[in-house]
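*Asks:* From first to last, the protein sequence lines are chains B and Y.
Take the first sequence: its position 29, counting from 1, is numbered 590 in our numbering, and each next residue is one higher.
Take the second sequence: its position 88, counting from 1, is numbered 69 in our numbering, and each next residue is one higher.
Please keep in mind that the hints were generated in silico from the structure rather than gathered at the bench.
Derived PhoX-like pairs: lysine-lysine, alpha-carbon spacing no greater than 20 Å straight-line: (1) B:K664 <-> B:K600; (2) Y:K24 <-> B:K664; (3) B:K603 <-> Y:K24; (4) B:K668 <-> B:K600; (5) B:K600 <-> Y:K24; (6) Y:K24 <-> B:K606; (7) B:K664 <-> B:K606; (8) B:K664 <-> B:K603.
From the structure, some residues in chain B lie toward chain Y, with a derived Cβ separation under 8 Å: (9) P605; (10) L607; (11) Y648; (12) T655; (13) Y657; (14) T658.
We put the CB at the ideal spot given by N, CA and C, even for glycine.
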Amino acid sequence: DIQMTQSPSSLSASVRDRVTITCRASQSIANYLNWYQQKPGKAPKLLIYAASSLQSGVPSRFSGSGSGTDFTLTISSLQPEDFATYYCQQSYGTPYTFGQGTKLEIK
Amino acid sequence: EVQLVESGGGLVQPGGSLRLSCAASGFTFSSYEMNWVRQAPGKGLEWISYISGSGTTIYYADSVKGRFTISRDNAKNSLYLQMNSLRAEDTAVYYCAKRRLADYWGQGTLVTVSS
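Here chain B stands alone, though its shape is the one from the complex (with noise of 0.2 Å):
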């Protein structure tokens, strides 16, 4: 199975900051990595896919980059809405596992 880690696991920010968030496969994926905003009592919502292509309807100031092994996701200036956990996964093969979560809270 690939494994996925996400580094930090929790990370605290305040409003406006820059904030990367990196995501790790156990063996390359070319380009199938997803990334996922949760927040408390809600289903997930995709923000990226395919590493680097924003979601419908999804704030500019988030982003993707990366490609094979290391992933990283940008949100430019952070807001209020912002603050919640969020999960990289893979969907090169099955099981198409998730990073452990990065939980970003309010400084």
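On the provided structure of chain B, position chain Y as indicated by the hints.
*Replies:* Chain Y alone, transformed into the frame defined by chain B:
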């Protein structure tokens, strides 16, 4: 508007069975692969099963293989998850999600396995 609505969750004893349903609307259901993903209380996301649009290709996570069965009825725009031999560690919110990149999710249905 794409909508996915799960149902069928509840409290079940260890060793018991449940059948989850996911009613889809707002898109051509038969054209899209579907997945089940679960989340144990306070834990992360776990992909558990995939089915192709036609239903001919199916995959499972090792944690549920042999106990859970995914299926779909394209005439009814519905996805199912038959869960047998349930264990305490199957306690989770179960989500259906459209496509392997999960562009749309249902609201989830809670399954609690406890005596």
